[in-house]
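Chains as they are written, first to last, in my numbering: chain A, 15 to 420; chain B, 15 to 420; chain C, 15 to 420; chain D, 15 to 420.
Honestly, the hints are just simulated from the structure, not real lab data.
Idealized CB from N, CA, C, for every residue including glycine.
Among the clues, some could well be false.
[Claimed, not checked] Here are the in silico distance ranges between beta carbons for each label pair: (1) C:I173 with A:K299: 31 to 39 Å; (2) C:K22 with D:R413: 28 to 36 Å; (3) C:K22 with D:Q272: 44 to 52 Å; (4) A:D44 with C:D44: 55 to 63 Å; (5) D:E48 with B:K418: 40 to 48 Å; (6) C:E48 with A:N252: 54 to 62 Å.
In case you want the letters, here they are:
There are 4 protein chains.
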Amino acid sequence: MNIYTTEKSQQYLTRVKSFIDQHILPIEADILAENRRLNHSSDWTQWQLSQQIEALKAQAKADGLWNLFLPDATLAQGLTCVEYACLAEEMGRSILAPEIFNCNAPDTGNMEVLYHFGNEQQKAQWLSPLLSGDIRSVFAMTEPDVASSDATNMQATIIEDGDDVIVNGRKWWSTGLGHPNCQVMIFMGLSHPDAAKHQRHSMVLVPLDTPGVNITRMLTAYGDYDAPYGHGEMDLVNVRVPKGNVIMGLGKGFEIAQGRLGPGRIHHCMRAIGAAERALSLAIKRGQSRVAFSQPIIKLGGNLERIAQARIAIEQARLLTLNAAWKIDNLGVKHAMTDISAIKVAVPNMLTQVVDMAIQLYGGAGMNHDTPLAGFATMARSLRLADGPDEVHMAMVSRLELAKYK
Amino acid sequence: MNIYTTEKSQQYLTRVKSFIDQHILPIEADILAENRRLNHSSDWTQWQLSQQIEALKAQAKADGLWNLFLPDATLAQGLTCVEYACLAEEMGRSILAPEIFNCNAPDTGNMEVLYHFGNEQQKAQWLSPLLSGDIRSVFAMTEPDVASSDATNMQATIIEDGDDVIVNGRKWWSTGLGHPNCQVMIFMGLSHPDAAKHQRHSMVLVPLDTPGVNITRMLTAYGDYDAPYGHGEMDLVNVRVPKGNVIMGLGKGFEIAQGRLGPGRIHHCMRAIGAAERALSLAIKRGQSRVAFSQPIIKLGGNLERIAQARIAIEQARLLTLNAAWKIDNLGVKHAMTDISAIKVAVPNMLTQVVDMAIQLYGGAGMNHDTPLAGFATMARSLRLADGPDEVHMAMVSRLELAKYK
Amino acid sequence: MNIYTTEKSQQYLTRVKSFIDQHILPIEADILAENRRLNHSSDWTQWQLSQQIEALKAQAKADGLWNLFLPDATLAQGLTCVEYACLAEEMGRSILAPEIFNCNAPDTGNMEVLYHFGNEQQKAQWLSPLLSGDIRSVFAMTEPDVASSDATNMQATIIEDGDDVIVNGRKWWSTGLGHPNCQVMIFMGLSHPDAAKHQRHSMVLVPLDTPGVNITRMLTAYGDYDAPYGHGEMDLVNVRVPKGNVIMGLGKGFEIAQGRLGPGRIHHCMRAIGAAERALSLAIKRGQSRVAFSQPIIKLGGNLERIAQARIAIEQARLLTLNAAWKIDNLGVKHAMTDISAIKVAVPNMLTQVVDMAIQLYGGAGMNHDTPLAGFATMARSLRLADGPDEVHMAMVSRLELAKYK
Amino acid sequence: MNIYTTEKSQQYLTRVKSFIDQHILPIEADILAENRRLNHSSDWTQWQLSQQIEALKAQAKADGLWNLFLPDATLAQGLTCVEYACLAEEMGRSILAPEIFNCNAPDTGNMEVLYHFGNEQQKAQWLSPLLSGDIRSVFAMTEPDVASSDATNMQATIIEDGDDVIVNGRKWWSTGLGHPNCQVMIFMGLSHPDAAKHQRHSMVLVPLDTPGVNITRMLTAYGDYDAPYGHGEMDLVNVRVPKGNVIMGLGKGFEIAQGRLGPGRIHHCMRAIGAAERALSLAIKRGQSRVAFSQPIIKLGGNLERIAQARIAIEQARLLTLNAAWKIDNLGVKHAMTDISAIKVAVPNMLTQVVDMAIQLYGGAGMNHDTPLAGFATMARSLRLADGPDEVHMAMVSRLELAKYK
């Protein structure tokens, strides 16, 4: 319990925690093993969904633990950013949980874009099936041929042509592109190369079955295809979609991107904190149960200090993130810019350290797929790059800091 | 502004900040230089007080910015722990400020002990002049001959003898012992060697002019005598004081110590955060104003990343400390044990890093006495040892963490 | 060039470097992609060898760049430990190279065991085909059910039964067990549970096709099966092999293990240094060729400082390892115990840092299989656990350090 | 013993070590306490020399352990850079030792300048009394008003005027300026502001008693005046010295500076390594002899791991420095540029860590003047700034690294 907790969030927290403890964790290893069997190949067109996960999704939906991330009291439960944050942490304990509660990235961010910036037709066509969990989606931004840490580098094009726009370009690290239910992407590209820097780009909805969308491969992250989601690479060649698929209007890409980022980073970071709590817990249990040199290994060398440092780092990371969420709710995203960049740096690095410690305590068992640790490690590594590398966010923090002195 | 702020603390914060900005910072360098002139010798009996500081104390007292640390609405302003915390941060910006507001350690801790545990006579005799700022005091705990990180090691003795107790033993790092106005110490010693571990020690008030109190020398911390306070070493040989000087009763030493610690650590840590803010600010200003290799040095190498890391670390440290204070206020010290040890580890280490960065940016000027940086560095170093080294607090955090699994 | 270089090692270095540059690096990505195609499944019984690698092995053998690790002038080129060290570094630049030069772990260590401790029949039967590169081998030591960082924990048994021994137990992380050519393992187990601590275990050669050897699965390391080698798990149930398969005699397991360790760690560490050099080189080239925020990314933030830190760390790691090798050659393994443990800690941690920096500079491309970086990262992670985790080696170093004061 | 040792260096090492162990260490604390008594004031004009040190100097001179740093077989013992390096390490164990063997900075560097670049008259007038230990000297380079990390920033001027040059400018951190025997400075200033960047500055010998040389104060480093040496600040106002005092000729300042730097950094770094060895040794002895929580404190928490990390870091730092020295001797300074900058970064940071660990183990006793630790800590802090801050040297290393790819 802490100062950020509300009664409402506390109630949902109890229910989410109970669902995860009762329904997910006991069969988590089974589901992950089944997933490896079903999806052992790099050929994503053969990937299949786990029916156990589908069943758990139906149950979560029936229990009203569904779309909790969406700050809408009708379509969802109307939780604030800070209220949802503690639920996101809880979901982060299991790699499987976010999907089961329909709170998984990148769908959550895409749903938020459609919710905040989509028109009625776009909402009917894409937001509804996403909210119901029937389809999955992709956010196509990163490009292989340019340093995408500078988003203004993006070279893919979105060109008006009568009532349509024509989309061309190469994207990669499009997470979820291999998912059997993935049907649509939000594609960001250059529409007005001569406009002011942050008015050059647009976002357009592109159904995956549009002619000219060529998925070329799925990428591994540290050897893992992350099936059945996958991180896809694709070429779009003269892909024609109606202008009505453009979100908010041409040239609004950066405006939308800004709006998408704040809560999304809170979610990512809180999930990472949940993962860190799980890793710490696993480390302690393992360290207490295994014996070497006549001692439980938790008592050897600097292990207890590392446990303490992990606890201290997690607490700081959580407070930093909750405070950023509180600022978003109470002061607005524009007053939380330092905070949002700060958590993007601090939290994945904290997770990296905590998971590394846990793996080191586990020994070989920590590196293989018998525990969630290797998955968390890869997640931590990805998060230090995804959505802007640490360095870009440090640059943002220092820029805002220096601006105080002008 | 943050979630922990109350209207009352905000009002005091504005006043304290204004006092520091208007009255202290403009003459801080002058006062420190005067202090070096007045107190250049290692012979503490020659040390003198700065009349500029005495004048500022009178002014702060007149302005009602006095004893803000004390949670009593009559004797002081009745601020909660979390309300005072942000004022302590503000005071931490200048090494001079805590004294000027009569909020300096170890007097604050000693006043709290007397306030919470002293009897009426003890309060009349010692608390009153301390609250008025007329005398200074010492907390005599650490001993040169044993590892004092384990407080149960303490060997100094407090032996009943009729209506008196007789005190013997050697203490050091008794901060403030060289101060011209220092008149009394709270002395901790062994009274019941055969009792249960935490009922063996007692605390007794010993006036410095009691026969048998022999101050042997002042110690340097990194070469600095910290005049006119000083870190003293002393031998007590058959020092006789009335039993009425024992606080709470014999055997209550650890009970008192526990009560003293929580708020005191909040104060120390918040002052350290204020020091870190000052150091960061100095670093940025210096880095923007000096040029090397055709660039302001703030733009060279990894300097901007270090600025960002400092900002991120400070924010985390502040939230961790404020949250610990909030827990003390709302849940009680017993529910904040992890937090109180966590800040004791995290905050001084953060300050160490931030100050080191600032000094590195400053070059030679950062090491000498022209800026507060070297003083902050020494303070950070001391804080990692004082009141229990990092390692003891990490051991506490890990012990509490493992206890969750039993 | 440095003080450790001999003319002989310099000549071989030139040839090995030239072979790698001309024959391996240009097709490295092709071979790795082919390997992913051939061995995309987790079913190791389907794994196949790359014919490109087989061809390169033949060429290396023909060129006399073969078995360079073996300190024998007849069977190999008679290079000293320090002479081979710089070749191992060179080979470490490509994950493929050690196999191509028949210098891959764990075969090198197994060949050394047979070379130093095997009898004539064991050499004829197993050392010869290993030296010719016709078969591969496994070292079966780590067990899933005990903390194997303390080797005396090993529970698998080797029991005399007439002219045979009977082997029982479960092993995992047996690297190479999935390789199509893997035919034999050196199995370590408990033979004399009541003997002195380091005389309880034995090593025995067990052909993989012996009845009772059941390979249960291959393990992933961070999601990677490391095909066609694999890290295997197996159950041995009443596996009967002739006593003649015992190496050196029963109870000699630890003695052999000690002898195996020194040079093996040099090899591992020098390969890791080669990997670090490759990673640094990739980072610089990438950083110079990509542009963000109007600058080559190498010039942004703290990147150049990280390049410098990588260079400094690599140089220190190399000198530490070469010096350990020099001590093994000139003073003997027993006088290099601190050094051998020191490199085991320092070098994989250095590699971890350098590769992490390179990946961070690369962005998403650094995490997937288009570069060797993710492979190096997994290798670094494994090396911090394999052959004793960091913590065990730090314990060794501190134990030897404290012993100086007795 | 290591590969860099020669028979000659080994012999001198034995003698130096024996001298320090027998004659210096037993009275080191006494001498330091005497020094604090003699030189307790900030008024450097009152500073006095310890007669104990003067006696030890005479003895070292008589024993032929004198000027060992100088690579001249007639004036000294003709030791190479790498041969002297291990002696410098040995001397680094005691803050007092370098002076006693006439191997103290900045005199060593100044003597090298005169030896390599001075003319006969300059040698007769200044090198001789420096070599005999009769006078002390200063190197006046750093300026308070500019970022001196960029040496081309220097603003002090050296202007030709007939047969004289006229020197103007403000310098600080001129180490040794407070020493009673200090008689001369090597002053670097701008003589040709319009010349090519590295031909603008000159070095000139300025006797301290020349009219216009005004010493304004001594600076503290972390509160320590470092008496009787002192770090001085001075104003030179129209100081006139004969042109014959210019070293090598006007415009040669940078050329001389380059030549001065290589060996000087080796000496500094090796002394720092000696200090680290001493600190490690003190830490272990303290940790073994003090008990807390029923254990020798060396066994608590992560202490043993920190001992191991210190050992590993020291070994790496020593090899890096010895290898740089070996390169200077065998390949020339120009081929050791990366190495010389690398040690400047690595070694003081290593010392910082090792000393910090030792102080943390010592508790309060580590911070005061009863042990050499606080002095080593201040030395480490200074070394990270002196002679170019870490950042400048990292920039050099990365520049040389990137140059490999052009």
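Now for the hints, and whether the structure bears them out:
The hint said 31 to 39 Å for the Cβ distance between I173 (chain C) and K299 (chain A), and at roughly 34 Å that hint holds. A hinted range of 28 to 36 Å for the beta carbons of K22 (chain C) and R413 (chain D) is consistent with their spacing of about 34 Å. Distance hint check: the CB atoms of K22 (chain C) and Q272 (chain D) are about 36 Å apart, inconsistent with the given range 44 to 52 Å. The supplied range of 55 to 63 Å is broken by D44 (chain A) and D44 (chain C), whose beta-carbon atoms lie about 38 Å from each other.
For the hinted restraint 40 to 48 Å between E48 (chain D) and K418 (chain B), the CB-CB distance of approximately 56 Å leaves it violated. As the Cβ distance of E48 (chain C) to N252 (chain A) is approximately 32 Å, the hint placing it in 54 to 62 Å is violated.
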